[in-house]
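Top line first, the protein sequences correspond to chains V and Z.
With the UniProt record's numbering applied, the first sequence corresponds to residues 1 to 789, in that order.
With the UniProt record's numbering applied, the second sequence corresponds to residues 1 to 445, in that order.
In case anyone wonders, no lab produced these hints; they're calculated from the structure.
Backbone N, C-alpha and C fix where the C-beta goes; we use that ideal spot for every residue, glycine too.
Wrong hints could be hidden among the right ones.
Which stretches of chain Z does chain V cover? Using the computed rule of at least three CB atoms under 8 Å from a CB of chain V, they are [said to hold, decoys possible]:
1. 19 to 25
2. 86 to 98
3. 143 to 155
4. 175 to 187
5. 352 to 359
6. 368 to 377
Here are the simulated lysine to aspartate or glutamate pairs, DMTMM-like style, with alpha carbons at most 20 Å apart [unchecked claim]:
7. V:755 with Z:272
8. Z:445 with V:157
9. V:176 with Z:318
10. V:755 with Z:318
11. V:285 with V:275
12. Z:167 with V:771
13. Z:167 with V:275
14. Z:359 with Z:418
15. Z:295 with V:637
16. V:167 with Z:272
17. Z:2 with V:770
18. V:753 with Z:272
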Amino acid sequence: MAKFSKKKVNRRKVEASGEGPEQVVRDPGEQHEGLNEADGHVSEEQEEDEEEEQEDEEEEEDGGGDKDERRRQKLLEAINALGGKRQKKLGERSEAAVLMSEFTINAEGEGERVDLSDLIGTVEKNRAVPAKTRKQLKNLQQSKRTVECPLSKQETERIQRDVSFQKAASEVSRWKGIIRQNQRAEQLVFPLNQEPAGPKPMERVVSGWKAQTPLEQEVFALLTANKQPVHDPILTPTEEASLRAMSLEEAKIRRAELQKARVLQSYYEAKARRERKIKSKKYHKVHNKAKRKEFLKQFDEMVKTDPATALEELDKMQTARMQERMSLKHQNSGKWARSKALLAKYDEDARKAMQQQLEVNKELTQKLVTSLNNEQEEEEEEEEEAGHPELMPDFVNDAERGLDSSNPWMRGKLSEEPTESERCGSLDLTEEASGVGGGTAEEEEEGEEEEEGEGKEEEALLREFDQRRKLRQVQEADTGPVLSVDDDEGMVEEDEAAAEEEEQLSEFTSLFQEMANSRRDVMAEQAEAAPDTSVQLEEGRRRICTVEDVELLSQEEVAPDEAPVQPQLPPATENMLSAPQKTGKNRKRKRGIELKEVLTTEAKVLRIPLAPTVEDTEESDGKLDQRGLIKEAFAGDDIISDFLRDKRNQEDAGKPKVVDLTLPGWGEWGGGGVKPSRNKRRRFRVKTAPPPPRKDQHLPTVIISEKRNSSISLHQVNSLPFPFESHTQFQSTVRSPMGRTWNTERMVKKITKPKVVTQLGAIIKPMAREELMKDASNNSSVDSLRRKH
Amino acid sequence: MKVKVLSRNPDDYVRETKLDIQRVPRNYDPTLHPFEVNREYTRALNATKLERVFAKPFLASLDGHKDGVNCMAKHAKSLSKLLSGSCDGELKVWDLTKHECVRTLQAHEGFVRGIVVRFCGTSFFTAGDDKTIKQWKMESPGYGEEEEPLNTILGKTVFTGLDHHQKDGVFATCGQQVDIWDEQRSSPIRSFTWGVDSFSAVRFNPVETELLASCASDRSIVLYDMRESAPLKKVIMTMRSNTVCWNPMEAYYFTCSNEDYNLYTYDMRFLDRPITVHMDHVSAVLDVDYSPTGKEFVSASFDKTIRIFPKDGGRSREVYHTKRMQHVICVKWSADNKFILSGSDEMNIRLWKANAAEKLGVLTPREKVAVNYSQKLKEKFQHHPQIRRIAHHRHLPKSIFHQTKELRVMKEARRRKERNVRKHSRPGAVPVVSEKEKHVVTVVK
């Protein structure tokens with residue numbers, strides 16, 4: 001408003017001063033207009049002024065209101081018109097000082113009212129005003145409509161209320177996000193805006209505190225001198241520098257690396273510790289040997305790369321050899337060795353120990369051969385070593401074999417045994433895989449063995465002796481339990497005997513190998529002729545883990561020609577084998593009680609005389625394992641068959657029964673001794689549909705009762721609870737356990753987190769507006785992040 | 001014979017101090033811990049039973065008033081202070097930890113209608129039947145000083161309710177109209193009227209602090225904005241509302257206690273139907289107060305009980321009553337969310353636990369874990385019939401029990417009748433009106 005009026009004033013001044021030198025003051029809005037346009041402006045404005053005056057007059061007439069005034073005006077106009085010429089308004093006389101003010105403020109228009117039209121006039125000139133506004137103003141000028149009468153008070157109030165309600169509602173709606181967020185939050189901790197616990201910097205607690213006392217000043221002087229933090233940033237300059245030196249990311253990476261290194265170190269240490277603690281002499285022996293070999297390899301390289309150190313090492317080795325040669329340490333001349341020598345005749349352990357000693361001695365006193373000059377020799381030697389790893393025949397250890405076959409460590413032997421035991425043991429799985437070709441492979445192996453055997457005549461002799469001994473054992477075993485069992489399919493008895501059997505199994509198999517060797521050629525031919533049967537044969541051979549097999553084999557040996565391609569297995573063995581044939585490779589060398597096998601046969605009373613079994617147990621007194629014990633303890637009660645009987649009873653009870661609805665005497669003669677005819681009975685016998693298959697049909701060890709239990713139904717949910725939409729949904733919520741019995745501590749903590757946590761003794765204030773700000777800022781930051789990505 | 005001995009590292013099983021928990025190496029293999037659902041169900045059942053065993057909510061009774069307790073106020077800054085005004089104009093300040101009255105003053109002639117503590121906690125306002133509003137210092141006067149109010153405003157009409165702004169020195173009263181007062185002035189800075197001549201309660205919104213709600217005698221609840229010259233909106237219900245309370249955590253929800261035995265939670269933006277109807281009382285509900293967490297609220301009723309409702313639940317989760325407690329006129333939920341205070345007709349103020357079975361005081365971490373676990377178990381198995389039965393079982397006074405039954409029968413009868421009418425009339429002639437819509441007569445803009 002003021003601006004416009006000022007412009008007007010300026011123009012008036014231009015007008016008054018005529019063609020003045022230049023305008024003293026120009027409105028900044030007008031500066032874009034050129035100077036040469038000034039004249040034109042003036043003339044235009046004069047015209048405009050006249051028009052405005054007319055309008056003013058009209059407005060005055062309109063605004064005047066009373067008729068007298070109007071009449072008077074008309075009268076005056078009429079008088080003016082009489083004069084013919086329109087009278088010009090005379091400028092008022094005024095003082096020059098007022099006209100020419102040093103502040104360029106003109107007093108000419110002082111008395112005049114500023115009208116809307118005055119302002120609008122300039123608006124049209126001004127380009128800063130948008131065209132739309134100009135148009136609106138024009139329309140406003142031209143519109144001649146009367147103003148509508150105001151609304152009633154009630155109406156206005158109502159509108160007012162409505163508007164203010166809308167405003168309030170929109171204002172309140174800003175909380176929607178926070179409220180929803182809080183409703184969904186897994187955990188709310190009240191009070192909401194808690195300050196973090198812990199010590200606060202002094203500045204935050206005390207404001208406007210200064211060091212005043214001399215002591216305080218002294219302390220502060222010290223602190224500042226040493227660049228210690230006095231004010232808010234609690235880091236010393238050096239700390240800050242270090243912070244700048246390494247970023248957080250880098251630090252994290254570095255820390256991870258360090259952690260990894262530390263972990264690896266600890267693993268290594270743990271491994272070393274574990275290895276050191278191993279008491280097995282054998283392990284250490286092997287270990288040392290490997291080490292030595294490794295060292296020798298390295299030594300060869302070292303000779304090439306670093307001769308100086310290699311020489312040192314050589315020296316060391318030579319001194320060690322010298323020492324060994326001088327001392328009698330490993331020469332079986334010590335006290336211990338002598339005591340062992342006494343025992344060696346009877347005890348194989350002692351023999352073995354002595355042998356080891358000698359070996360050590362030999363190794364140590366061996367002359368070192370460097371790769372520099374005689375590599376070939378070394379190789380030869382190595383070959384020799386490979387051929388004769390130990391001086392003593394290996395099977396000196398075999399006597400132990402019979403003692404405890406249950407010890408897994410003793411089962412895998414370095415001597416000739418494993419090749420034999422392979423055939424019946426776990427390794428024959430590979431045979432199975434190789435199928436027919438397996439036989440030839442075996443033969444090859446055997447051939448190798450034989451070669452070895454030829455190499456060592458002594459060994460062969462000893463082995464023969466050993467085999468004879470084993471044979472004797474087998475015969476003993478045969479005379480014992482086998483005879484008692486042979487007539488029937490007493491599986492249970494077999495199981496009982498299994499413990500003893502298994503000890504002898506290896507012997508059996510070895511024996512069998514020997515015996516079967518003679519037949520091997522024939523068998524191979526047969527296998528070629530009919531591969532199917534050969535497979536069966538192999539299977540049969542694999543399962544010689546039972547006494548019958550051995551027996552059978554002996555029979556076969558007696559009459560190899562008579563025996564057909566398929567071995568005639570007694571029904572019991574077939575029975576027994578049927579299950580493992582199905583299961584395929586799942587068999588193990590050591591059989592546990594396999595329920596399926598056991599369940600298929602009824603328990604039977606032992607028919608063998610008691611004496612031999614007792615003898616057996618006495619024999620195996622020392623090696624009575626736990627299984628045997630348990631078996632002995634529960635010999636009387638046969639739980640499995642009881643269970644089976646129970647299950648069968650249940651199944652029978654569940655089966656639908658035929659209902660006989662015949663009424664005697666209807667349509668026939670009745671009375672004592674007269675039975676209804678068969679025809680009638682057949683007619684009135686009602687058969688019901690068979691029930692759906694039982695759930696435990698395929699579960700031999702389970703009885704599932706499908707009856708509804710009323711005592712349980714009291715605790716069961718019988719209708720789907722409200723928020724859930726399906727049974728599975730509900731069940732899944734119930735099914736997953738939450739307790740510490742089933743979950744780790746951390747998981748339990750996470751699951752059992754309470755929904756609302758309040759602090760003891762803390763006042764919970766209503767939600768503050770600041771939360772809204774926080775939320776908004778969070779949202780905006782999230783948005784900006786999203787935009788970035 | 002060589003005997004190999006198992007050797008274990010003592011670090012794996014020895015405690016560092018005897019206060020530590022025994023280390024129990026665990027195997028979480030599910031096959032080793034079968035029947036998890038059944039075992040957890042048993043635990044849940046036991047937890048529910050134990051909760052009922054330990055549910056002893058009543059803590060203390062504060063007696064000393066010589067007339068019924070008409071209104072109460074929490075201290076803004078202190079948890080242990082409570083102010084109460086009785087029907088004989090007496091005002092008492094209580095120390096809740098010691099269960100004793102620390103200050104008594106005769107505030108008004110006739111009823112003390114409203115008490116409110118200023119947000120700073122240094123002074124409080126009272127309004128009474130003697131048409132005055134008085135401001136008092138929170139500190140009790142020194143020896144020899146007289147008990148005198150800081151300010152007294154003499155109004156033209158009786159004031160029936162009083163509430164203070166959350167942050168500014170502004171308070172609101174209601175009576176014949178709702179007035180907004182500046183603390184510094186003796187005349188209201190704004191008065192709202194809307195064709196009613198009697199209001200029973202007025203409350204500031206604690207979150208959007210410029211909004212107010214009041215209950216009027218024409219069965220309406222009126223909303224105001226302090227900054228506007230006119231009220232915002234009002235909803236007229238079938239029966240009169242006694243008090244109203246805003247949710248302190250959710251800006252647009254408020255709950256009103258109604259004469260028709262129910263409470264209604266409204267969203268202030270949509271007044272045409274309440275969000276939830278809370279039923280369980282068997283007589284008029286006189287007062288309501290939200291828990292400071294905004295998750296629950298407590299209501300006091302003329303049927304001599306206090307009930308705790310979840311904010312979005314139609315039925316109460318808890319009912320408190322004692323033989324001697326008469327009509328409960330006012331009720332407050334303490335600011336730490338732990339206690340409930342009720343003032344009743346028979347001149348006593350009672351202190352209750354907000355969670356009846358909760359153990360008070362500091363819990364050890366192990367206790368906390370156990371409590372959390374049992375809480376979750378109860379939640380998990382809450383739909384199982386036995387657990388629900390035990391958890392929901394409450395002993396009620398005979399009269400209330402029978403009244404509940406009676407109300408149920410009445411409601412069922414009404415429902416049946418309506419159904420029959422609908423069955424025998426033209427389809428669509430008798431529309432189905434939901435329970436929520438039933439109680440709203442109209443919304444006036």
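Checked hints:
no., hint, verdict
1, 19 to 25, "violated (count 0)"
2, 86 to 98, "violated (count 0)"
3, 143 to 155, "violated (count 0)"
4, 175 to 187, "violated (count 0)"
5, 352 to 359, "violated (count 0)"
6, 368 to 377, "holds (count 6)"
7, V:755 with Z:272, "violated (32 Å)"
8, Z:445 with V:157, "holds (10 Å)"
9, V:176 with Z:318, "violated (29 Å)"
10, V:755 with Z:318, "holds (19 Å)"
11, V:285 with V:275, "holds (13 Å)"
12, Z:167 with V:771, "holds (16 Å)"
13, Z:167 with V:275, "violated (74 Å)"
14, Z:359 with Z:418, "violated (48 Å)"
15, Z:295 with V:637, "violated (64 Å)"
16, V:167 with Z:272, "holds (18 Å)"
17, Z:2 with V:770, "violated (77 Å)"
18, V:753 with Z:272, "violated (38 Å)"
The structure does not agree with the numbered hints 1, 2, 3, 4, 5, 7, 9, 13, 14, 15, 17, 18 stated previously, though it agrees with the rest.
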